[in-house]
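A.B. asks: Sequence:
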Amino acid sequence: MLLAVLKGHTDTVIGSGFINDRTVISASKDGVINVWDWKLSTPLASCKTQSGSITNFMLLSNRDGFVVAMNSGSIMSYSLNKTTDGYEFIKNGDLKEESPVIGLNSFRGNNDLIIVTLLTGEVKLISRRSGQNLNTIQGCKNPYNFFIVTCIK
Numbered sequence: 060m061l062l063a064v065l066k067g068h069t070d071t072v073i074g075s076g077f078i079n080d081r082t083v084i085s086a087s088k089d090g091v092i093n094v095w096d097w098k099l100s101t102p103l104a105s106c107k108t109q110s111g112s113i114t115n116f117m118l119l120s121n122r123d124g125f126v127v128a129m130n131s132g133s134i135m136s137y138s139l140n141k142t143t144d145g146y147e148f149i150k151n152g153d154l155k156e157e158s159p160v161i162g163l164n165s166f167r168g169n170n171d172l173i174i175v176t177l178l179t180g181e182v183k184l185i186s187r188r189s190g191q192n193l194n195t196i197q198g199c200k201n202p203y204n205f206f207i208v209t210c211i212k
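So our numbering is basically just the index in the sequence shown, starting at one, shifted up by 59.
Derived DEER-like restraints, expressed as beta-carbon distance ranges:
id	residue 1	residue 2	range
1	G198	V64	42 to 48 angstroms
2	G168	T69	33 to 39 angstroms
3	G180	W97	34 to 40 angstroms
4	D123	N192	20 to 26 angstroms
5	Q109	T71	18 to 24 angstroms
6	N121	D96	16 to 22 angstroms
DSBU-like cross-link-like pairs, simulated, lysine-lysine; straight-line CA separation at most 30 angstroms:
id	residue 1	residue 2
7	K66	K150
8	K66	K98
9	K155	K88
These are computed hints drawn from the structure, not numbers from a lab.
Source: prediction; values computed, not measured.
Backbone N, C-alpha and C fix where the C-beta goes; we use that ideal spot for every residue, glycine too.
Please build the complete structure, drawing on both the sequences and the hints.
C.D. replies: See below:
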């Protein structure tokens with residue numbers, strides 16, 4: 060059963076997630092991030108990135124922020140602040156990779172460490188808060204799985 064239709068993006072939606080029972084966040088190739096009240100089918104806030112098309116989206120496990128990767132190689136971290144009028148987007152950091160980002164992941168419960176998978180086969184473990192690259196693995200056929208297995212060992 061269809062519960063709601065959320066109209067507001069002009070290109071493919073890359074990712075979405077529930078902030079709470081009533082609020083959804085979505086990111087699209089159009090470079091726009093929207094926060095929605097899905098019961099009213101209306102946007103509560105919207106943010107247009109200046110760095111191009113969004114290729115990856117990751118909602119943080121505590122649901123108070125998110126990370127997006129752009130086709131330009133930029134990785135941007137945002138916090139969400141609930142206001143009386145809706146939500147405010149606070150940009151926390153901006154990293155630049157030389158290669159396109161093909162994946163963003165994190166460890167469950169950790170809102171600082173980001174696993175960044177690059178088209179080159181590199182996988183990087185990056186601190187979201189400091190922007191520091193903590194580890195890089197190169198030449199992976201399946202970079203994400205290789206990185207997880209390596210970290211567990």
